[in-house]
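Just so we're aligned, residue 26 is where the sequence shown starts under the numbering used here, counting upward by one.
It should be emphasised that the hints constitute simulated quantities derived from the structure, not laboratory data.
Don't be surprised by glycine CBs; every beta carbon is placed ideally from N, CA and C.
Treat the hints loosely; a few may be bogus.
PhoX-like mimics (lysine-lysine), calculated; alpha carbons at most 25 Å apart, straight line [what the hints assert, rightly or not]:
1) K67 to K50
2) K50 to K81
3) K124 to K81
4) K50 to K69
What follows is a list of derived Cβ distance ranges for each label pair [said to hold, decoys possible]:
5) T121 to L66: 20 to 26 Å
6) E41 to P126: 17 to 23 Å
7) L63 to G104: 36 to 42 Å
8) Q120 to L63: 35 to 41 Å
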Amino acid sequence: MDQWIRIPRLPWELWEANYLTELLKCVGNVVRIDQNTLLRLKGKFARVCVNIDITKPLPGSITVSRVESCMRVRMNYEGLHEVCPLCGGESHQLQTCPKLPLSQKVEVLIEKFDATGATKVQTG
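Start from the sequences and build out the full structure, keeping to the hints where you can.
So, in C-alpha cells, the structure goes:
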C-alpha cells in the first residue's frame with residue numbers, strides 16, 4: 026500500500042532523494058517524493074510516498090546519523106489512523122484483533138465449603 030509520510034524537523038541536508046530513500050528503507054520502498062520537498066519550498070516537513078506492508082508494525086520515528094551526532098525524528102503517516110498490524114483493520118488495535126489466537130490462559134474453579142455447607146466458588 027502506498028502511504029504518504031511527513032517527516033518534521035528533518036535537517037535540510039537530508040532533503041534529497043538519495044538520502045530520503047536511504048532513511049526510509051526501514052519503512053518500505055520510496056515510490057515518489059513531493060515536489061515541494063525536492064525543491065525545498067516548504068520547510069516544515071519533508072513529504073515522501075512509501076510503499077508499506079501494513080501487516081507489519083510501522084515505526085513512529087527513525088534515527089538520523091550525522092557526523093557530529095545522532096537524532097531521532099518523528100514520522101506522521103497521512104490519513105492512516107490506528108491500523109492493526111495483524112489483519113490491517115482500522116477499527117481496532119492488535120490487542121483486540123479478532124484474528125489474534127486465543128491465549129492459553131486456563132481458568133481454574135475451586136469449590137470451598139463453609140461451616141453451613143454452602144458452596145463458595147473461587148476462581149484462580
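For each hint, the structure was consulted:
| no. | hint | in the structure |
| --- | --- | --- |
| 1 | K67 to K50 | 23 Å, holds |
| 2 | K50 to K81 | 14 Å, holds |
| 3 | K124 to K81 | 15 Å, holds |
| 4 | K50 to K69 | 22 Å, holds |
| 5 | T121 to L66: 20 to 26 Å | 42 Å, violated |
| 6 | E41 to P126: 17 to 23 Å | 44 Å, violated |
| 7 | L63 to G104: 36 to 42 Å | 22 Å, violated |
| 8 | Q120 to L63: 35 to 41 Å | 40 Å, holds |
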